[in-house]
Every structure is written in structure tokens, then in C-alpha cells.
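Student: Here are the chains, one letter per residue:
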Amino acid sequence: MKESIGSRLVRLRTAIKTVFGMPDYEAYLERHRRVHPEKEPLSRREYYAEYLKHRYESGGPTRCC
Amino acid sequence: MSKKIWSILLWTAISVLGAVAFAVLALNNGETISAAWLIVAAVATYAVAYRFYSKFMAYKAFGLDDRRATPAEVHNDGKDYVPTNKWVLLGHHFAAIAGAGPLVGPILAAQMGYLPGTLWIIIGVVLAGAVQDFVILFVSMRRDGRSLGQIARDEIGPVGGVFALIGVLAIMIILIAVLALVVVNALKGSPWGMFTIAMTIPIALLMGVYMRYIRPGRVLEGSIIGIVLLLLSLWAGQYVAHDPYWSRVFTLEGTTIAKLMVLYGFLASILPVWLLLAPRDYLSSFLKIGTVVLLAIGILVVLPPIQMPKLTRFVDGTGPVFSGNLFPFLFITIACGAVSGFHSLVSSGTTPKMIQRESQARMIGYGGMLLESFVAIMAMVAATAITPGVYFAMNSPAAVIGSDAVTAAAKISQWGFTVDAQTITQWAKDVGENTILSRTGGAPTLAVGMAHIFSQFLGGLKAFWYHFAILFEAVFILTTIDAGTRVGRFMLQDLLGNVWKPLGRTESFGANVLASALISLGWGYFLYQGVTDPLGGINTLWPLFGISNQMLAGIALTVATTVLIKMGRARYSWITLVPLIWLLAVTLTAGWQKIFDPKPSVGFLAHAEVIARGIEAGQLVGTAKSMSDMYKMLFNDRIDAIVTGIFILVVLGVLIDALRVWYQVLIAKKKPELKETPFVPSSLQG
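Chains X and B are the protein sequences, given in the same order. Counting from 1, one number per residue, gives the positions in the first sequence under the numbering used here. Counting from 1001, one number per residue, gives the positions in the second sequence under the numbering used here.
By construction, these hints were calculated from the structure, which means they are not laboratory data. Even glycine gets a Cβ: it sits at the ideal position worked out from N, Cα and C. Treat the hints with caution; some may be incorrect.
[As the list claims (entries may be wrong)] Here are the simulated lysine-lysine pairs, DSS-like style, with alpha carbons at most 30 angstroms apart:
hint : chain 1 : residue 1 : chain 2 : residue 2
1    : B       : Lys1060   : B       : Lys1669
2    : B       : Lys1411   : B       : Lys1188
3    : B       : Lys1429   : B       : Lys1259
4    : B       : Lys1429   : B       : Lys1188
5    : B       : Lys1625   : B       : Lys1259
6    : B       : Lys1632   : B       : Lys1259
7    : X       : Lys2      : B       : Lys1086
8    : X       : Lys53     : B       : Lys1079
9    : X       : Lys53     : X       : Lys17
10   : B       : Lys1411   : B       : Lys1625
11   : B       : Lys1086   : B       : Lys1055
12   : B       : Lys1004   : B       : Lys1079
13   : B       : Lys1259   : B       : Lys1188
14   : B       : Lys1079   : X       : Lys39
15   : B       : Lys1632   : B       : Lys1669
16   : B       : Lys1086   : X       : Lys53
17   : B       : Lys1669   : X       : Lys17
18   : X       : Lys53     : B       : Lys1501
19   : B       : Lys1259   : X       : Lys53
20   : B       : Lys1079   : X       : Lys17
21   : B       : Lys1675   : B       : Lys1501
22   : B       : Lys1411   : B       : Lys1599
23   : B       : Lys1055   : B       : Lys1599
24   : B       : Lys1501   : B       : Lys1079
[Unchecked claim] If you want a taste of the chain B side facing chain X, the calculated C-beta under 8 angstroms gives, among others:
hint : residue
25   : Ile1097
26   : Ser1147
27   : Gly1217
28   : Val1219
29   : Leu1220
30   : Leu1275
31   : Leu1276
32   : Ser1285
33   : Phe1342
34   : Ala1428
35   : Thr1479
Construct the entire structure; sequences and hints are all you get.
Tutor: Okay, here's the thing in C-alpha cells:
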């Protein structure tokens, strides 16, 4: 089966976000609905704040020389 | 069957091609050769090493097993542990390991000619650098993605663990100082560059506010806006440089820029990440990947002729760019690109938590480092494609070649690299700078090389491309600086927390400010020392950076060897032992010589001795302008000697503790306790 252009674009966007370490709210929502369907998901803004805190406050290096 | 024959033919052809390219590089006698030979030699070697050596490691030595679930599959929490497509993860990993290091080292090493540096980049990566990245990725992947420090503690012991932690913190401070110095040297007296870089701060703040309040969480959008604004300010920079008032505002002394950078690093470390750090990080990642790809295309399209001879007279250790003999100093000058200890922190950081299947660690660990090595080859091409006379004009300290074009041209021509004053001033004019003399640190040379290549490839003015290249390097160095200061702060708080609990609380504002200030002042000290150094600082500090980075690689390979031995795979431990022994030989010799060599241009103590005698006799030495300068230089030399000594002790500390473990397993036949996570079968098919 051939993949539609729309879904290819979505995959490309997800790939770009992962490569550059950007938050992916759509992926979070999709996962949240699957794993915790009973709980209310975070808003986009809350998710972003949570993501940054997790990414930069965990103490490991994110970038090299 | 026929497929197999084709494969044999193909790999024979690639090997022959690589061998021919090496022959051309090594046997060439004086005529100018095309950069294509450098690229073919590198790529053919990478291909063969990847196909055969990394495969041997993956399946014979490490025993990668796709039936075993990776941490990403087992935990899959949507946060840290996320199974990721291998190509996407390769991009992610590469974006994390690539930085200014592989771009700067080869440029400095070019003073000895193109051959020694190129050989070390290619051979080093295949046998050392890529091996380290791969083995640490493998080891960490088998331990839920634990960090190098934790693995050292688990597999060697608490002593080795503490030494490893101190080593990481110390290399961090030197690393930040040296990279900051590269930026200072690129920006001092350059209003165009200074303006563009200064603009990145308001642009980042704007992006931060946009992504938090205006369009919350829309990072891709915010980054695109940021890039557009950045290119606008790059274009506007030329008008700033030509305006009599504004050009004066943005023409700063090195010492002023250094102070501003320390302040910036401190603020970036205590401000909320969404405001400054995160937007800058995204901006710089985009710029980094974009420019590296563009440079690769540019070099492949233009294939510039190599102007630098294969060997210069400076293989004898008297070169102006860095002091000391080819062995060991070439091998620490090119750290990243051949082997970079810092990568072991990334390979034991986010990447191992995202691997889908064990076998993919080969492409991401080994393959990712081969890509970084290719970046180093590109830097070598950029540096050797410009006229050698211009190269030496840019990379020699003013104390050696003087500070006007006529004196410099005479001095450099005397070395055998014929150049006239007019060529030097013409280059400065072409790239829109007041002068290109003594712009040490590698970044301006790379920028000139890139301007040279891009103006042939895409057209446009050299001045624009020069400042584009400076912007690109400065932006991602600044990102390393602010991210590094922050990480350093966490590490320091971790250590200080052992002494007094409240200092370890990362959410406490007071503890936070204190640790950030200590880290910023720590690297700020070395930066300031470098900026005020009569030899331009790079000469003194870059070797310290190289030594510390290679020593970290030594620590990582010691940990990896220990794990292989404890896994009962001691017969394969030569894979990590060979590069380990080589790195120990290089770094211990270099460290020893930096401290004790009787030549004042190499040894810190010998230099201190010269200064001390000057002080006793009441005479100023070198470019010192006052007695207080002399006392400062004396103090700096001693600090540098102590820091080098600490590096040596740290690496020996880890090694000796590891030898104890090796002895227990191999000779005393004690049953080793391997801290690998238990086998969980993978549910992924095929």
C-alpha cells in the first residue's frame, strides 16, 4: 500500500523534531490517549514547560564540543 | 553466489580506490592536488572500516543481539525511553556530538601540512574514536542508558567513579574556556561579527517568549522565525560595519568580549531555560546541521585544489600555531574528529535510551562518529585550500609576525611561504574585516576557507559568506558554553551536596547562583588568561583542551575494557586496549612535556622560570607591560601546570583502580559481578 503524502509529511515533521530535540505534542497526545485514556492530558503549553524542564534540568550534557 | 562475487569485487574496488588516494596524498611531490583525493581516501577507509571492522565488533566482540529488548523497548515511557527510527536517531546523535571541536583542531594542525593531520583523522577515527563511541553506546544500552560516571562506579568501583566525575568536570571547564576563546578571537575588532552575534540574544529572547506565550510549544515555527531574523541581522551587519558611529560601538577589545561572555554564561545558567537556553539551542542545531550539509555539498562541487604542502618545516615543533613536536602534539591538537572523549557522555546519555534494536548501535555509534570525522576532513580541506601564506598570517600570534601586513608578509615569506602584504590586505578587504592578521583560534581561517569555497559554489560576496561562517561557529560555540555552564553547575552541585546538603539542591536559587558563579568564574579565569596571553592563548590553552578531551576518552576506554573483561570477552579486549594504550602514550607524554619540558615555549614550568628570573632581575619579559603582568603570567603558568597535573592524576587514578579489577578477574579468577540489566526478549519481529 502506498503511503499518502499527508502521512509522509507528518513523519518528516516528527523526524525533524526528534533530530533537533524538539517537543512533539502530537506524539505525546497520541501516546497519552493510548496509555492513560482515563486521565486529562497536559495542554500544549504545560507539555512544553514539562518537556524543557525534563530536557535541560536532568543534568546530562545535551551538546558536545 | 553471484551476489557474493559482486560484493567481493565491490569491496576490492573500494579498497583499491582508497589505497590509490592515500598514495597520491603521500607521494605527491610539490604539485597542487585536488581535495578530491583527501575525500576519497577518507570515505573509502570509512566504508571498509564500517563494513568489516564495525561488523566484527558488533557480532563477534560485543555480541549485539536483536532478540534482546533494548531499554527503549522495555521502558518505553514516552519521555526518555522512546524507540526511534535508526536514521532519525543517527541525526539526533550526530546533532549532539558535532560541534566546533572537529572544525578547529584540523585547522591548527594544518601548520604541519595536510598529510599528518589527515592521516590521524582517518586512522584515529577508525581505530579509536568510532570504537569508543560505539562501545560506550553498547555498554550503556545494556545498562538502561546509564551515564559513564555511573558505569565507572558500578563496574570499577567508587574510587574510579569519583575520579571519573572530577575528570568530567575539569574537562568541561577547560573546554568551555577554550571554545569561548575561539569566539573572542573571531569577534574582537570585528563590528560586523560582533553585531550579528549580539543580535542572537534578543532574537533568542523573542523566540523564547513566542514559544511560551504567543504560540505555546510551537518550536518549529519559532525556530524558523529565529533563523530568518538571524539572516536579516547578518545582512544588516555590513551596514553596521560601514557606519562610523555604530561600527565603533561594536568594535570591542578581546578583554571586554571575554567579560561579556562570562556574564552571559552565568545569566544563561540561572535564567529559566525557556527564555534563553532552549531557543538558542534550537537555533544553533538548525544552523549547525544546515551549514555542515551545505559545506559538504560545496566542497564536493568545487573540489578546491590543496595549496598547503603535504609536510611543512614545522613538523619539527617550531611552528607558530601550536608548539611542540608532531608526537605527541599533533594527536592532541586534533582531538574531536579523530577521537573525542566528550562523546562518551553523549553515547551514555540520551542516545542509548532511544535505540530500537541492539544491532542499530553499530550504525549510530560507529557510523555517527565517522560522519563527525568527515566534518574534520572538510575543515582540513577548507584550511589547506587557502594560500599557505594567508593561512600563516591568520594563525600566527602577533608576537611572532608583528602587527602590520608588511612585517608579517616578510616574516612569513622568510619561512618559505611566499606572500605579499597586498594579498593579506586584499583578503581582509574581501571578507569585510579591518585585518586578518593573527586571527588565531581556527574559526576565522575556517570562515575564510568557507568564503573561498561558497563564493565559487553559490556566488555572492566573500564578505557575506565569511560572516555567515563566523556566525555559524559562534552561535554553536555559545550554545556549548551556556549548556556546558549549566551542566557543570549540576555536576558541581552534585559534588558539593556531598559536603553540605543544601548546596546540592538544584531548585534552591541561592545554591544555584553560587554554583553557576563558580563554574562561570572557573572557565572565565582560563578565558581571560587566554585573551591576555601574548601568544594569543590558543597556543597555550588548545593543548590543555586536547589533553583533557583525549584523557576522557582514555577513561571511557578503560571503563569499556573493564566491561569486556568482566563479560568474559577478554580475548577481544585489544579492540579497546590498543586505542587506550595509544591515548595514554599521547596524553601522558603531552601532559608531562607541558609541565616539565625545558623549552619555555612548551613547558609551563620552564616558562614560569623565565618569568621568575625576569621578576628577580626587574626586567619585563616578552610582551609584559608591567611587573603586575609578570606576576600574573607566573601565576597562570603555575595554575596551568597544576591543572595538567590533575588531569594526569585523574586518568591514572581510574586506570589503576581498573587494573585492580582486571587482575581480580583475569589472574585471581574471581567471578566478576557484571552490572548488566537482565535479558528481556524483544517482541519486535524479524
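Student: Compare the structure with each hint and give your call.
Tutor: For each hint, the structure was consulted:
About 23 angstroms separates the Cα atoms of Lys1060 of chain B and Lys1669 of chain B, which keeps this hinted pair within 30 angstroms; it holds. Restraint check for Lys1411 of chain B and Lys1188 of chain B: satisfied, since their Cα atoms lie roughly 24 angstroms apart, inside the 30 angstroms limit. Proposed proximity of Lys1429 of chain B and Lys1259 of chain B is supported: the alpha carbons are some 29 angstroms apart, at most 30 angstroms. A hinted pair counts as satisfied when its Cα atoms are at most 30 angstroms apart, and Lys1429 of chain B with Lys1188 of chain B qualifies at roughly 16 angstroms.
Taking the CA atoms of Lys1625 of chain B and Lys1259 of chain B, the gap is near 21 angstroms; set against the 30 angstroms cutoff, the hint holds. Annotation: proposed proximity of Lys1632 of chain B to Lys1259 of chain B holds, straight-line Cα distance about 17 angstroms (limit 30 angstroms). A distance of roughly 22 angstroms separates the Cα atoms of Lys2 of chain X and Lys1086 of chain B; the hinted pair therefore holds under the 30 angstroms criterion. For the hint linking Lys53 of chain X to Lys1079 of chain B, the alpha-carbon distance of about 12 angstroms falls within 30 angstroms, and the restraint holds.
Between Lys53 of chain X and Lys17 of chain X the CA atoms are separated by roughly 17 angstroms; this keeps the pair inside 30 angstroms, and the hint holds. Of the supplied pair hints, the one linking Lys1411 of chain B and Lys1625 of chain B holds, its CA atoms being roughly 24 angstroms apart against a limit of 30 angstroms. A distance of roughly 17 angstroms separates the Cα atoms of Lys1086 of chain B and Lys1055 of chain B; the hinted pair therefore holds under the 30 angstroms criterion. The hinted pair formed by Lys1004 of chain B and Lys1079 of chain B fails the criterion: a straight-line CA distance of about 43 angstroms is larger than 30 angstroms.
For a cut-off of 30 angstroms, the pair hint linking Lys1259 of chain B to Lys1188 of chain B stands: about 12 angstroms separates their Cα positions. With a C-alpha separation of about 17 angstroms, the suggested pairing of Lys1079 of chain B with Lys39 of chain X holds against the 30 angstroms cut-off. Simply put, Lys1632 of chain B and Lys1669 of chain B have alpha-carbon atoms about 54 angstroms apart, too far for the 30 angstroms limit, and the pair is violated. For the proposed pair Lys1086 of chain B and Lys53 of chain X, the alpha carbon gap of about 26 angstroms is at most 30 angstroms, so the pair holds.
A threshold of 30 angstroms between alpha carbons decides the hint, and for Lys1669 of chain B with Lys17 of chain X the separation of about 49 angstroms lies outside it, so the pair is violated. Note on Lys53 of chain X and Lys1501 of chain B: the hinted pairing holds, with a Cα-Cα distance of about 22 angstroms set against a maximum of 30 angstroms. Simply put, Lys1259 of chain B and Lys53 of chain X have alpha-carbon atoms about 29 angstroms apart, close enough for the 30 angstroms limit, and the pair holds. Proposed proximity of Lys1079 of chain B and Lys17 of chain X is supported: the alpha carbons are some 14 angstroms apart, at most 30 angstroms.
This hinted pair checks out: Lys1675 of chain B and Lys1501 of chain B have alpha carbons roughly 29 angstroms apart, not beyond 30 angstroms. At most 30 angstroms may separate the alpha-carbon atoms for a hinted pair to count; Lys1411 of chain B and Lys1599 of chain B meet this at roughly 22 angstroms. Between Lys1055 of chain B and Lys1599 of chain B the alpha-carbon distance is near 46 angstroms, which puts this suggested pair outside the 30 angstroms criterion. A threshold of 30 angstroms between alpha carbons decides the hint, and for Lys1501 of chain B with Lys1079 of chain B the separation of about 29 angstroms falls inside it, so the pair holds.
Proximity of Ile1097 of chain B to chain X holds as hinted, the smallest CB-CB distance being about 5 angstroms (cut-off 8 angstroms). Satisfaction of the interface hint for Ser1147 of chain B is found here, the shortest Cβ-Cβ separation to chain X being roughly 6 angstroms, below the 8 angstroms cut-off. The interface hint given for Gly1217 of chain B is met, as the beta carbon of that residue sits about 4 angstroms from the closest beta carbon of chain X, less than 8 angstroms. Restraint check, Val1219 of chain B versus chain X: the minimum CB separation of about 4 angstroms is within 8 angstroms; hint holds.
The closest approach between the C-beta of Leu1220 of chain B and any C-beta of chain X is roughly 6 angstroms, which is under the 8 angstroms cut-off, so the hint is satisfied. A hinted interface residue such as Leu1275 of chain B counts as satisfied when its beta carbon comes closer than 8 angstroms to some beta carbon of chain X; here the least separation is about 10 angstroms, so the hint is violated. Contact between Leu1276 of chain B and chain X, as hinted, is not supported at the beta carbon level, the nearest pair being about 11 angstroms apart and thus beyond 8 angstroms. Checking Ser1285 of chain B against chain X: minimum C-beta separation of about 5 angstroms stays under 8 angstroms; hint holds.
Because the closest C-beta pair between Phe1342 of chain B and chain X is about 5 angstroms apart, less than 8 angstroms, the hint holds. Look at Ala1428 of chain B: its Cβ only gets to about 29 angstroms from chain X, farther than 8 angstroms, so that hint breaks. A distance limit of 8 angstroms between C-beta atoms decides the matter here; for Thr1479 of chain B the minimum to chain X is near 6 angstroms, and the interface restraint holds.
The structure fails to meet hints 12, 15, 17, 23, 30, 31, 34 from the earlier list, while all remaining hints are met.
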